[in-house]
Amino acid sequence: MKKVVIIGNGMVGYKFCEKLRTVATAEQIQVVVYGEEVLPAYDRVHLCEYFTNGSADDLLMAPTSWYAENQIELITGELVTSINREEKTISTHKNNVENYDYLILATGSRPLVPPIEGVDRNGVFVYRTIEDLDNIIDYAKNATSAAVLGGGLLGLEAAKALIDLELDTHVIEFSDRLMPRQLDEAGSDLLKYSLEQLGLKIHLGINTRSIQGNGKPESFLFQDGEQLKADMLVISCGIVPRDELARECGLEVGTRGGVVVNDLMQTNDAHIFAIGEVALHNGMIYGLVAPGYEMADVVVNQLTSTPEKLFAGFDMSTKLKLIGIEVASFGNALDLEKIGTPITYKNLKQGIYKRINISKDGSQLLGGILVGDSKDYNMLMQMSQNGMALPPNAEDLILGARGGEGMDMVGSLPDDAQVCSCENVTKADIVTSVKEKGCEDLASVKGCCKAGTGCGACTPMVNDILQQTLLSLGKRVRNVICEHFDYTRQELFDLVKIKNIKSYDELLDQFGAGDGCEICKPAVASIMASIFNELIVKQDTIQDTNDRYLANIQKGGSYSVVPRIPGGEITPEKLIVIGQVAQKYGLYTKITGGQRIDLFGARLNDLPKIWGELVKAGFESGHAYGKSLRTVKSCVGSTWCRYGLHDSVSFAIEVEERYRGLRSPHKLKGGVSGCRRECAEAQSKDFGIIATEKGWNLYVCGNGGANPQHAQLLAGDIDKKTCVKYLDRFLMFYIRTAEPLNRTATWLNKLDGGLEYLYDVVVNDCLGIGDELEKEMQGVIDTYSCEWKEVVDNEHLQAKFRHFVNSEEHDPQQAFGDMRGQKLPANWA
Amino acid sequence: MENNNLIDTYPQYETVHPEDVKVWFRAAHVDDFPKNGGGCILYKGLQVAVFNFTRRNEWFATQNLCPHKKQMILSRGMIGTEGDEPKVACPYHKKTFSLQSGENLNDSLCQLATYPVKVENDTVYVGFKF
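Residue numbers (this note's numbering), protein chains in the order written: chain F, 1 to 829; chain L, 830 to 959.
The hints are simulated quantities; they were obtained by calculation from the structure and are not laboratory data. Among the clues, some could well be false.
Unchecked claim - Mimicking PhoX-like on lysine-lysine, the simulated pairs with C-alpha atoms at most 20 Å apart in a straight line are:
hint: 1; chain 1: L; residue 1: LYS923; chain 2: F; residue 2: LYS555
hint: 2; chain 1: L; residue 1: LYS864; chain 2: F; residue 2: LYS667
hint: 3; chain 1: F; residue 1: LYS800; chain 2: L; residue 2: LYS864
hint: 4; chain 1: F; residue 1: LYS538; chain 2: L; residue 2: LYS924
hint: 5; chain 1: F; residue 1: LYS555; chain 2: L; residue 2: LYS924
hint: 6; chain 1: L; residue 1: LYS899; chain 2: L; residue 2: LYS864
Unchecked claim - Here are the simulated distance ranges between beta carbons:
hint: 7; chain 1: F; residue 1: SER503; chain 2: L; residue 2: GLN841; range: 50 to 58 Å
hint: 8; chain 1: L; residue 1: ASP951; chain 2: F; residue 2: SER444; range: 20 to 28 Å
hint: 9; chain 1: F; residue 1: GLU795; chain 2: L; residue 2: LYS958; range: 50 to 58 Å
hint: 10; chain 1: L; residue 1: CYS939; chain 2: F; residue 2: GLU795; range: 33 to 41 Å
hint: 11; chain 1: L; residue 1: SER930; chain 2: F; residue 2: ASN707; range: 52 to 60 Å
hint: 12; chain 1: L; residue 1: ASP936; chain 2: F; residue 2: THR592; range: 44 to 52 Å
hint: 13; chain 1: F; residue 1: LYS538; chain 2: L; residue 2: LYS947; range: 24 to 32 Å
hint: 14; chain 1: F; residue 1: ASP509; chain 2: L; residue 2: THR844; range: 42 to 50 Å
hint: 15; chain 1: F; residue 1: GLU69; chain 2: L; residue 2: GLU848; range: 57 to 65 Å
Claimed, not checked - Now the stretches of chain L that chain F is said to cover, found in silico as 3 or more residues with beta-carbon under 8 Å:
hint: 16; stretch: 841-853
hint: 17; stretch: 924-936
hint: 18; stretch: 941-950
Think of the CB as a built atom: it goes at the ideal place given N, C-alpha and C, for glycine as much as any other residue.
Can you build the whole structure from these sequences, using the hints too?
Here you go:
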């Protein structure tokens with residue numbers, strides 16, 4: 001049995017323990033850990049969260065019990081004071097002596113405190129440990145302003161913490177750039193601008209000479225004679241490796257600090273290793289956690305197996321969120337003109353700066369910087385790390401595709417590409433966990449190979465690889481309707497159409513199991529309505545309650561009635577009829593948000609009579625109850641409006657009448673605006689049409705409601721006829737392929753290829769189904785009839801609108817009150 | 830405005846087991862009930878939903894009152910099965926109840942009272958205790 005002693009219980013020290021215990025039991029390797037802090041290892045990367053939630057427990061890498069469960073002896077609050085290499089022992093400040101076979105130095109680093117006059121005053125802090133944070137929080141209670149010395153990654157994080165403490169906060173940076181090791185001048189400029197918008201005051205190119213004040217900091221004197229007033233100072237200028245133990249026992253250290261290690265993380269004593277921020281590898285100290293984890297892995301590998309794994313340096317790519325601003329840099333981000341050509345994109349208004357460095361021959365991505373929008377970080381980093389081929393127009397990488405071919409990012413990634421750098425998980429590891437270990441969702445992949453469990457930045461890519469691997473196994477996750485039909489809605493749609501099945505029972509007998517339920521019945525009803533457009537009350541018991549009674553059920557079992565008012569245009573005569581009907585049947589009336597009039601509080605038994613009167617006056621059903629076309633909202637357009645370009649009212653009426661009664665997976669709303677002032681709010685609708693100088697712009701897949709989403713431009717400056725043609729195709733394609741109860745926006749979000757694909761189908765007719773879709777739509781339009789009228793004209797159907805089968809009575813339990821002179825329903829019990 | 834107490838009294842529903850039936854109420858003709866659907870009958874102030882589960886060739890009866898939001902609505906609910914359990918879904922919020930036991934299949938919310946049903950000569954009878 002070997003005995004391993006670890007000095008240092010930070011993130012890397014902990015990770016060493018974790019990795020070791022997955023391959024070696026306590027019988028094989030005895031482990032003792034010394035930590036000088038009282039707390040066991042915690043997550044320093046997320047230290048600033050301590051300011052907001054104040055719980056150290058949330059930051060712990062593992063609870064104390066974890067060490068016991070894994071038979072690791074953890075000694076906290078005890079400082080190791082010396083190493084005796086000849087006797088292979090260490091001693092502590094409590095004069096305890098412990099022997100070892102192997103010693104791991106994971107002592108990390110301490111903050112660099114520059115020799116400025118006055119740094120030893122009260123009110124000057126470093127930003128490293130939870131204890132530091134406690135002191136800062138405590139002192140800040142009596143302060144109103146603060147300065148941070150250092151505009152690097154950690155300094156800006158500290159500045160965020162100070163802003164959270166509601167202090168007037170300054171950042172003082174010696175270099176003329178923020179994050180000088182990650183950003184170029186333009187990136188720094190943009191970050192500075194964005195941070196200033198958040199209230200941070202930033203001073204660049206400043207050399208601080210002294211800290212002045214009577215016993216506590218009051219102001220800071222700069223080299224150029226300027227002064228800055230602040231009540232406290234947090235220093236975050238860099239790190240100094242904690243190599244004092246190593247120095248004293250004669251291990252080799254670098255001239256600027258750090259324990260010198262070889263590719264095996266061995267010091268010049270083969271029994272002593274150094275990992276993390278104390279280790280100097282190839283002249284480099286790594287101030288990130290991911291390389292520290294990798295070093296821990298290299299040592300664990302040596303202690304437990306052969307052949308040995310080497311540490312081959314580490315990519316310093318980082319992605320982080322600073323005060324809500326995304327910042328990332330990867331590969332060769334800075335050292336640019338010499339080696340390649342940068343392509344940059346800058347948008348001050350949106351706070352975005354992107355830069356990619358392309359090799360001189362244009363074939364490779366060398367590195368880059370992303371400020372304000374780092375969603376492409378994963379893809380770009382993988383491309384640069386793996387030397388993947390660039391698309392023909394490299395600028396597409398940061399500008400988004402503009403009509404070009406999309407890249408199969410995941411597919412072209414080599415198997416050994418490192419996807420999760422925190423846990424060093426490759427693409428192959430993820431594929432294996434899906435193919436061989438049966439993982440079928442993100443959570444199980446994470447559990448299986450730990451990908452995405454560190455900083456989480458790689459999660460989207462892990463998911464892409466998961467999905468693609470599932471696909472390659474033919475394991476597409478199918479959204480089958482319910483336990484009664486092992487088909488998706490789209491498959492059922494095709495079955496109904498091809499087999500010409502017109503009744504639910506027949507479909508259930510042929511393709512289903514059991515007796516159906518409240519999920520599959522309305523879904524099938526919707527499919528059959530979209531295809532055959534038969535009278536909906538023919539199969540009334542499979543309809544959702546609103547469809548079944550052609551009215552919207554409201555509280556208390558009464559119904560609301562909404563006649564169609566196409567485009568919101570209505571004559572005074574018709575207005576009078578609505579008023580008379582409302583008066584006669586005692587209905588509450590309200591103008592809806594969609595330019596119609598809603599009549600509430602109708603009793604089930606009265607519905608046919610109410611419709612009868614409305615139909616007689618020339619109204620028809622507004623289908624307010626259906627998963628079907630509702631309104632096509634309009635502005636007043638060129639007929640009355642001084643800005644109107646075209647007659648939006650006529651077009652809205654035309655479109656609303658064209659698609660009236662059209663059944664779909666969810667409700668459909670449209671809008672037509674006469675000019676770009678957009679008074680009809682067409683861009684928040686499932687389809688929106690906006691007049692232009694040259695014709696009409698057609699927008700699709702917008703959504704108001706709980707998850708608002710703007711509609712996207714499908715075709716611009718088209719004439720009416722083309723617009724209607726595209727609409728026919730678009731709507732029918734949606735109806736055929738969307739899952740039940742998915743609005744167009746949700747459908748588009750899930751559609752493979754997104755808007756680009758939709759454009760291809762609708763405008764380019766890439767599937768060659770354009771004619772078919774138009775014909776299907778024409779079929780529905782040709783077979784339209786008003787559902788209300790069908791009931792009004794048919795005594796047999798009217799019999800279905802009774803509360804009791806054995807009495808003509810209204811529901812006696814129905815009750816109404818009144819408010820502002822109109823009726824209202826009883827509240828829910 | 831306060832309108833919480835517009836309805837303050839509901840009929841009391843109590844399950845009737847076949848052996849407890851004192852009255853077989855002649856409710857309506859079978860054709861008065863939709864196939865694979867329900868209809869509501871009125872008996873001494875009680876609203877009872879009667880379901881014609883044609884697919885299973887079975888009849889069921891439950892209280893018409895959905896106990897969730899106290900609405901007289903279950904006869905208008907869609908019927909179906911979960912596994913082999915026949916059920917009805919309330920049109921309001923799709924709470925589902927067993928048609929056999931009246932048990933709430935979604936959560937612990939109180940269950941429905943159920944009543945025996947028999948069909949003789951195309952006439953539907955529902956059993957009551959009084």
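Evaluation of the provided hints:
The hinted pair formed by LYS923 (chain L) and LYS555 (chain F) meets the criterion: a straight-line CA distance of about 14 Å does not exceed 20 Å. A C-alpha spacing of about 28 Å is found between LYS864 (chain L) and LYS667 (chain F), which places the hinted pair above 20 Å, so the restraint is violated. With a C-alpha separation of about 12 Å, the suggested pairing of LYS800 (chain F) with LYS864 (chain L) holds against the 20 Å cut-off. For the given pair, LYS538 (chain F) sits about 25 Å from LYS924 (chain L) by alpha-carbon distance, which is inconsistent with the 20 Å threshold.
Distance restraint check for LYS555 (chain F) and LYS924 (chain L): the Cα-Cα separation of roughly 16 Å lies within the 20 Å cut-off, and the hinted pair is therefore satisfied. Taking the CA atoms of LYS899 (chain L) and LYS864 (chain L), the gap is near 26 Å; set against the 20 Å cutoff, the hint is violated. A hinted range of 50 to 58 Å is violated for the C-beta pair SER503 (chain F) and GLN841 (chain L), which are about 40 Å apart. Separation of ASP951 (chain L) from SER444 (chain F) is about 57 Å and departs from the stated range, judged on CB atoms against 20 to 28 Å.
Taken as a hint, the range 50 to 58 Å is violated for the pair GLU795 (chain F) and LYS958 (chain L), whose Cβ atoms sit roughly 37 Å apart. At about 40 Å, the beta-carbon gap between CYS939 (chain L) and GLU795 (chain F) stays in the expected band of 33 to 41 Å. In this structure, SER930 (chain L) and ASN707 (chain F) break the distance hint of 52 to 60 Å, their C-beta atoms being roughly 39 Å apart. The given range of 44 to 52 Å is broken by ASP936 (chain L) and THR592 (chain F), whose C-beta atoms sit roughly 34 Å from each other.
At roughly 30 Å, the beta-carbon separation of LYS538 (chain F) and LYS947 (chain L) lies within the given 24 to 32 Å, and the hint holds. Taken as a hint, the range 42 to 50 Å is violated for the pair ASP509 (chain F) and THR844 (chain L), whose Cβ atoms sit roughly 33 Å apart. Taking the beta carbon of each, GLU69 (chain F) and GLU848 (chain L) are about 59 Å apart, inside 57 to 65 Å as hinted. With 0 residues bearing a CB less than 8 Å from a CB of chain F, the stretch 841-853 of chain L misses the requirement of three and the coverage assertion fails.
With 1 residues having a beta carbon nearer than 8 Å to a beta carbon of chain F, the stretch 924-936 of chain L misses the requirement of three or more and the stated coverage is violated. Under the rule that three or more residues need a Cβ within less than 8 Å of chain F, the assignment of the stretch 941-950 of chain L is violated, with 0 such residues.
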